[in-house]
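Asks: Note that the protein sequences, when read in sequence, are chains G and X.
Here the first sequence is numbered in our numbering, starting from 4 and rising by one per residue.
Here the second sequence is numbered in our numbering, starting from 4 and rising by one per residue.
Since the hints were made in silico from the structure, they are not lab data.
A few of these clues could be false.
Identical copies go unnamed one by one, so any copy, or any two together, can satisfy a pair.
Said to hold, decoys possible - Below 30 Å or equal to it, Euclidean Cα-Cα: the simulated DSBU-like pairs (lysine-lysine) are:
id	residue 1	residue 2
1	180	192
2	137	192
3	126	97
4	137	62
5	137	15
6	99	15
7	137	112
8	59	180
9	163	62
10	112	126
11	114	126
12	192	99
13	139	5
14	137	59
15	114	59
16	62	147
17	192	5
18	163	59
19	112	147
20	99	5
One letter stands for each residue in the lines below.
There are 2 protein chains.
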Amino acid sequence: MKIVFATKNFHKLREVNIIKPTWIEISPLPDDIPIAPESGDTFLENAVSKAVFYSKILKSSVVADDSGLVIEALNGFPGVQSSRFMEGENYGRKMKKILMMMEDEENRKAKFVCVAVFADVEKGMILSSIGEVKGKIAQEIRGKGGFGYDPIFIPNGFEKTFGELGEEVKSEISHRKRAFEKLFDIIRKLEI
Amino acid sequence: MKIVFATKNFHKLREVNIIKPTWIEISPLPDDIPIAPESGDTFLENAVSKAVFYSKILKSSVVADDSGLVIEALNGFPGVQSSRFMEGENYGRKMKKILMMMEDEENRKAKFVCVAVFADVEKGMILSSIGEVKGKIAQEIRGKGGFGYDPIFIPNGFEKTFGELGEEVKSEISHRKRAFEKLFDIIRKLEI
Numbered sequence: 004m005k006i007v008f009a010t011k012n013f014h015k016l017r018e019v020n021i022i023k024p025t026w027i028e029i030s031p032l033p034d035d036i037p038i039a040p041e042s043g044d045t046f047l048e049n050a051v052s053k054a055v056f057y058s059k060i061l062k063s064s065v066v067a068d069d070s071g072l073v074i075e076a077l078n079g080f081p082g083v084q085s086s087r088f089m090e091g092e093n094y095g096r097k098m099k100k101i102l103m104m105m106e107d108e109e110n111r112k113a114k115f116v117c118v119a120v121f122a123d124v125e126k127g128m129i130l131s132s133i134g135e136v137k138g139k140i141a142q143e144i145r146g147k148g149g150f151g152y153d154p155i156f157i158p159n160g161f162e163k164t165f166g167e168l169g170e171e172v173k174s175e176i177s178h179r180k181r182a183f184e185k186l187f188d189i190i191r192k193l194e195i
Numbered sequence: 004m005k006i007v008f009a010t011k012n013f014h015k016l017r018e019v020n021i022i023k024p025t026w027i028e029i030s031p032l033p034d035d036i037p038i039a040p041e042s043g044d045t046f047l048e049n050a051v052s053k054a055v056f057y058s059k060i061l062k063s064s065v066v067a068d069d070s071g072l073v074i075e076a077l078n079g080f081p082g083v084q085s086s087r088f089m090e091g092e093n094y095g096r097k098m099k100k101i102l103m104m105m106e107d108e109e110n111r112k113a114k115f116v117c118v119a120v121f122a123d124v125e126k127g128m129i130l131s132s133i134g135e136v137k138g139k140i141a142q143e144i145r146g147k148g149g150f151g152y153d154p155i156f157i158p159n160g161f162e163k164t165f166g167e168l169g170e171e172v173k174s175e176i177s178h179r180k181r182a183f184e185k186l187f188d189i190i191r192k193l194e195i
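When you get a sec, could you build the whole thing from the sequences and use the hints?
Replies: Structure follows, in structure tokens:
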């Protein structure tokens, strides 16, 4: 089964390619395609609007995701704003800002959340799945692996950040893995 | 399992109540709730936006549908515009207009399409299903049962229109039955 993965993010594409079962073939977005609007206030809405947008343009089955870091002491921030927050700035600066906001904060509980969506508009089909990985916010930026907020997130059961653990470990326990694994399982069960 | 059916249409609510399995309890929208935007250009988008809109407001599981009459000789018209077409006019006038547009047209092939969507935004969950019933456009308005375009649609295998066949027969073979039956089956299979 051929599915386009609606992302321009090379890291995400590699993560999902490691996760996917052999009967699914993932292809990237064409280079010259417009960028989907992403203005919802939930992960679900953002992932749905991306998947539907590209499924309509490409007339094919598409998967998309939206994901982010949800920090308990910051009332869920940055959440759906994880990538839009401090737009234009790199993640080094974004992480520093988060660490400043978390200074002296004892409750460091956080989770990465990913909502994965499959859409095929011609078939009137949409499916989704959620994946979470719980953990805590580190005291400082650690590690160069991964992407986004990985270097300040320590998953439960580990001492290292996602940035230190690297892609091999992350692709085993990540929110994205959990969301896409469940999504591919739903697709298989429903024999689409 | 409790699900709100996002419709203000009494006929749709009754149809789905006949179809639903006993383990699902369908409740209507509260009276004082705002009306969801419905401006997509596919059945899927309209059903998704309704289901998501109400799931967010009500913080509960919601099903919604979008449906319409798709006429081959009219290039799919009225399609997603089935209810918006000639806004404010009753279905008697809408059907007369359709019959005029179909005058002298030999290809009378048509289908009713329904896309049913389940959404629970808090759970990051969305699911959909499509149902179709094929048939043809009658030469004149016949029967007072059903609603919408039922009195000009003759399902394959019958001589009478949906308007003449009445709700008992319609609820056995309708596009809405097919879409919701599949949707409830998906919900059961996935053990949501």
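Asks: Against each hint, give a clear statement of whether it holds in the structure.
Replies: Going through the hints against the structure:
no.: 1; hint: 180 - 192; result: both (18 Å within a copy, 22 Å between copies)
no.: 2; hint: 137 - 192; result: both (27 Å within a copy, 27 Å between copies)
no.: 3; hint: 126 - 97; result: between (40 Å within a copy, 27 Å between copies)
no.: 4; hint: 137 - 62; result: between (36 Å within a copy, 23 Å between copies)
no.: 5; hint: 137 - 15; result: within (19 Å within a copy, 42 Å between copies)
no.: 6; hint: 99 - 15; result: within (23 Å within a copy, 53 Å between copies)
no.: 7; hint: 137 - 112; result: within (8 Å within a copy, 54 Å between copies)
no.: 8; hint: 59 - 180; result: both (26 Å within a copy, 26 Å between copies)
no.: 9; hint: 163 - 62; result: neither (42 Å within a copy, 36 Å between copies)
no.: 10; hint: 112 - 126; result: between (41 Å within a copy, 20 Å between copies)
no.: 11; hint: 114 - 126; result: between (34 Å within a copy, 15 Å between copies)
no.: 12; hint: 192 - 99; result: neither (43 Å within a copy, 45 Å between copies)
no.: 13; hint: 139 - 5; result: neither (37 Å within a copy, 35 Å between copies)
no.: 14; hint: 137 - 59; result: between (35 Å within a copy, 24 Å between copies)
no.: 15; hint: 114 - 59; result: between (32 Å within a copy, 21 Å between copies)
no.: 16; hint: 62 - 147; result: neither (38 Å within a copy, 39 Å between copies)
no.: 17; hint: 192 - 5; result: both (17 Å within a copy, 24 Å between copies)
no.: 18; hint: 163 - 59; result: neither (41 Å within a copy, 36 Å between copies)
no.: 19; hint: 112 - 147; result: within (22 Å within a copy, 61 Å between copies)
no.: 20; hint: 99 - 5; result: neither (40 Å within a copy, 44 Å between copies)
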